[in-house]
Every structure is written in structure tokens, then in C-alpha cells.
Amino acid sequence: MSIPLSWYLILAAALFCIGLFGVLSRKNAIAILLGIELMLNAVNINLVAFWRYQDPVKMTGQVFAIIVFAVAAAEVAVGLALIISVYRRRKTVIADEIDLMKW
Amino acid sequence: MVFVNDPIKYLDAVIRDLLTGWGLSNGLSTVIIYFIGITVLIIFAMVLDIFLVWVERKVVARFQDRLGPNRIGPFGIIQPFADIIKLIIKEDITPGGADKFLFNLGPVLAISSVIILWAILPISSKIFGVDLNVAVLYLVAAGALGTLSIIVGGWASNNKYALLGAFRMVANMISYEIPMVIALLIPTILADSMSVQGITQAQGGMWFAFLSPLALIIFLISAIAELGRSPFDLNEAESEIVAGFHIEYTGMKFGLFYAGELLHAFTFGGFIAVLFFGGYGGFFGLEKIGLFSWLSNPFVQAIVFLAKAMFGYWVIMWIKYSMPRIRIDHMLAFNWKFLTPLALVVLVNTAILGKVLAGFPNWIYVLGMFSSNIVIGFITIQILRIYGRKQRNTLLKNSSTNGKNQEQVA
Amino acid sequence: MTADRIIFLLTAGVILGSAIMVVVTRKLIHAALWLVAALFGVAILYGILQAGFLAVVQVVVYIGAIAILFIFAVMLTRKETLEKGTQTRPNWWLPGILGLIILIGLIILITGHIDFNRTAEQIPTNIDTLRLLGVALVSPDAFVLPFEIASVLLLAALVGAVFVASGKKE
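Protein chains in written order, with numbering that gives the first Met the number 0: chain A, 0 to 102; chain B, 0 to 409; chain C, 0 to 169.
Just chain A, same shape as in the assembly:
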């Protein structure tokens, strides 16, 4: 166990920024959700790294990571259901074209 904590944090930061780039620069709504998944994974890496390096006996970090798993799964399920439903009505998944409520 000779890996400094900062390596894990830099890896999580890089993954988060790549996810951020994906969310902000892609047209397809499903590709935006893929970027959100990358960001959630980066947060999880951070939580588990801090659990291991701070206090491995108290399970706070791992429990938090498990709750994030559950929230990510719920969000992906509902998000994809919404996208499929929108595709059925509007026949498009490009985020810019779903603008019926815009002024």
C-alpha cells in the first residue's frame, strides 16, 4: 500500500472533468447521460479512497458509495425511460431539438 492518496484524487478529478466535457459538448441525450455516469463514478472513487486512507474501521465511506450506486441506478432508469418516451412522441433524441417549452 504505497500509493499516495493524491494519486486517487487526481484520477477522480480527471475522470470528473472528462465526464463534464462529455455532458456539455454532446448533442445526443443518451451521450449526455453517459457523461453523468462518468461523473458519478469519479465521486465514488473519491469516497472510497477517503474511506481507505482516513478510517477504514468506520464504514462511512463505503456506505456513502453504496447509496450513490443506488441513486445512480435510479437516475439512469428514470432518465432513459424519459428519453425513450420523448423519442416515441418527437422522433428525436437530440437535446437541442426538444424545445417545445422554450420561449
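If you are wondering where the hints come from, they were derived from the structure by calculation, not from laboratory data.
We treat Cβ as the ideally placed atom computed from N, Cα and C, and that holds for glycine.
Treat the hints with care, as some may be off.
[What the hints assert, rightly or not] Far from chain C by the CB rule (all over 12 Å, computed), these chain A residues:
#1 L10
#2 K90
#3 L99
[As the list claims (entries may be wrong)] List of simulated lysine to any residue pairs, SDA-like, C-alpha gap at most 25 Å:
#4 K78/C <-> A170/B
#5 K159/B <-> I148/C
#6 K26/C <-> E96/A
#7 K336/B <-> K26/C
#8 K57/A <-> V13/C
#9 K57/A <-> K336/B
#10 K99/B <-> S165/C
Please build the complex by placing chains B and C on the supplied structure of chain A, with the hints as guidance.
Coordinates of chains B and C only, in the frame set by chain A:
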């Protein structure tokens, strides 16, 4: 430390002496020994796979009242080698619009999702890959990788029948993961551990098949659905969608899918043996008597485990060759409306009874668990009977009114 | 350069490489499969961090359920013409610069803090982290309330997703 009593540690010491004698460092020799161990385990699994092709063909022949391959070699035992040679010399076709990398990745993922299961299979108390403390969950994770391989294979073939077959197969597999996970929780509760070594050693007194036969039945049904074998074999429904998701695969790639499925079936037979029938042990305390102490020998345990795994594989084959195929909507309705609630009821029952009967002597515990399962099974069959009678009555009423309408019209 | 550092660097390479391919590749199916590779790398990372239960749960939940959901959604909303043009919005360099600035800022913050350069201490071997995790999730003075709320959230998501995606005509 003699070879007969502790084979892996003995071989490890011998090879390590050899490698450090040649001048390699301790860390590097550890890595080399791990690689040698992995290679030996994979070779054993694949050679067993070849043997399983012969077993499968002989057994299906006997179920269908014929002889099976008996021309090549004594009892046809060289038949699988003929099969392999045929598959290797076949032309390797890649369809025109197919995604080349994904097309080749499908069979590789399928067979790797099976071989990684051999890392946790406890062949004996001293011969195993690794003693994971989350081995039961690892079994589910390997099933998830298998599901991925089916989608990749179905999509990369650029063929709508393959895609349809892959969709139905994946819907099947992810639905039946749920009763499988719940049924896997029951040996975990009974053995108070998720590691397969812990579960095997907790069955020294009484097999879990007797403590909870309903869990065995639920796990067996969901395992057969996970494997994609009959009666849940929608991906090979030749009369419906022409061989399903591996329709475009020829030669050795198809061989990898096929061999992977057989090895997966045998591995699940092994897991049924470990989780419910005592694995490499489970002699009801017999090995503690001095006369039978040879039962604790690692090689005897390995033979016992392989025999029990073969029995589990035989039960899976028996179900395959005796039952007709089930339709996809019936399959999913069976899972969500019957198997999952039943599994949850059995889980709650096991958990509560396990705590209530914890202090009592062993025979009351075993009897209480077994009889509670029988009671749940009885109640389930009564509910099914009432429901079936109601359905039959509505069908009869509908058909009789239809008959009357037709008479009036005519 | 000890062995675990080499393994960490290889895993980090896999994760970052797959993540970049997720956001850059043109075909959406390939993006979903690169996501699977990235998630598998994160599972290996959890194994390195000795959180074995989380590694297996990552494979089961993310790869076995979420990635398959993505692949199904991509297959159900496919249009051939969608994947021929550009996949990124017209001013895609702006999020790129933003991401780079945030990354550099975070790296400066992380390396500046002297406490983050420490290495991990050994977990005492008599502790079974799996059992501790189980107790923490259901113990009233630990985390039973977030656990139960997460299960209610999952129930709500289940009912909502089935209803929204079933597309019944009203």
C-alpha cells in the same frame, strides 16, 4: 508438508525454491507461480469441457433411447476431438456490415465469463483458486458479464434475427437474476458467510438441501434460465428465430459459444453441489471418526466434489431433455409473478426461523427448517390450484357464451 | 515503482482512456461499450483499495444493469442518419477549456494540501470489513435510515420508469 496432504503449498514451495535458486527475486517468482497456477486451472477447465461434450451427447442419446456416438474410439470417447477438428477447419465468415472488433469480442467475452468462475470454485479444502469473502456475489457478477457477451454478439452480427434473439435472451437472463440472488442469500444466511469455503464447511453437519429444499428448487430454476438452456432456451429456438444470436457465427467462434455454454452448465452444477449438497465435504461428521480420516484428504475431496458436480450437471441435462420450450411471455410472467414472491417468502422464513431456532439442539433446527419449507410449498400449491381453477372457469364460461352467440347468429 | 503502483497506473490508464473514448467516439453503441470498460477499470480500482464488496457490486449494478440499460436505450432510439454527422455541439471547444481549467485547479488544490500525500496504513487483520459494512447498513446508530430511504427511492424509480416507458395511450 507432504504432496498428498497439501498439494498446492508443496508445489509452491518447490517452484519457489527453484526460481529463487536461479536468482529471481521473491516478488517476481510469486507472479510467475500465480501465472502457472492460473494456466493449470484454465487447462483443467478446458480439458473438462472437451470431456463434457462427450458426456452431453451420450446422455442425450440415452434419454432419447438411442446409443450416441460409439464409432470413434471405445464408447465414442474421441468424438469431441473430431468435433473440434471439424470446427477448426470450417471457413470463418464475417458478415458484410458487421462490426469486426465487436464480432470477434462476443465469443471471447462469453467464454471468459465462464472461466473466471473457476477462480472461486472450491475443488477441495486445499485446492482452490482464491478464497474470496464475497464469492456468492462474484457468481452474480460473472453472470452479468455473460449477459453483456450476448448483447455484443447479437448486435455485431448486423442481423435482425440475431438482435431479436439477443434481446429476448438478455431480458430472460436479467429477469432471472433476481430470484437467483434471493436464493443465493439463503445459504449465506444459513452459513453466516458469503465465501464458498465457509458455506462448504458449514454443511459438515447437515446439507443445506435438507434445511431448505425450496431454495434449492428456486436456485435450480433460475440457474437453468441464466444458462439459457432448455426449457428457457429462446436463443437456440431453431423453429422460431433460426438459432438466435449466434446465427452468424461459424467455425471455432461458434465452438467457443457452444463449449462455453456446456462449461457454464457444469460450473453451475458445481455451484449447486457447493451451495446445497455439501461441496467437497458434507459427510455428516463421518470424517471425524478415525477410520474415515482419509475423507479429509484433498484429493479424495476433489473426487467427491467432481462427482457431486457431475450429478448437478446431470440434473440440468435431465431437465433439458425432458421438457418443451416455454414461451417468452410465460417465462417472464413465471419469474415476476411466481418465482420472485416465492423466493422472498422463503428468504424471510429462513431468516426468522434461523434466529428463533438458533438455541435449540440440532435436530429440532433441521426439522423446523425442513417442515417450514414443506408448509410454504403446500400453501403455494393450494394457491396455484385455486388460481388455476378460477382461470379454467372463466375460460369455460367465455367459450360457452361464444358458442351460444354463434348458434344464434347461425 | 513497486508492483501496486504499476497496477494502479495501468488501471488508471484504462479508466481514463476508456472515458475519453466514451465522450469522443461517434457511434453511440461504441460509447456505451467503452463505458463498460471504464466501469470495469473502476471495479479493479476498488479491488486495489481493498473494498472487495464494492468491486463486485460495481460489476453487478453498473455493468450488469446500468450499462445494459444504456445499450438497450441506444438500440431502441437508433436512426442511421444520426450517426453520420458530427456528434458534438458547434462550440465544443468551450467545455473543453472549462474542463481543463477545472482539472488544473483541482490538481493544484490536491497537491498543495500536504496531508494528501500520505500512504495508507494497514487495515488490522482481525477486522472483517464485510461484516462491519453489513452491521453499519442496518444498525440504528449507524446508517439504517439512508439505507431505507434509498430503497424507497429505488421503488419510486422502478414504478416511475415502468410507467413512463410503457407508453400507454390515455
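Against the structure, the hints:
With a closest Cβ-Cβ approach of about 5 Å to chain C, L10/A is found to fall inside the 12 Å limit, against its non-interface label. Its beta-carbon lying about 8 Å from the closest one in chain C, K90/A breaks the requirement of being farther than 12 Å from that chain. No beta-carbon of chain C is positioned within 12 Å of the beta-carbon of L99/A; the least distance is around 17 Å. For the hint pairing K78/C with A170/B, the CA-to-CA distance comes to about 23 Å; that is within 25 Å, so the pair holds.
For the proposed pair K159/B and I148/C, the alpha carbon gap of about 42 Å is over 25 Å, so the pair is violated. In summary, the hint linking K26/C to E96/A is supported, as the alpha carbons are separated by about 19 Å, within the 25 Å threshold. A distance of roughly 38 Å separates the Cα atoms of K336/B and K26/C; the hinted pair therefore is violated under the 25 Å criterion. Pair hint K57/A plus V13/C does not hold up; C-alpha atoms about 30 Å apart against a cutoff of 25 Å.
Proposed proximity of K57/A and K336/B is contradicted: the alpha carbons are some 40 Å apart, above 25 Å. For the hint linking K99/B to S165/C, the alpha-carbon distance of about 34 Å lies beyond 25 Å, and the restraint is violated.
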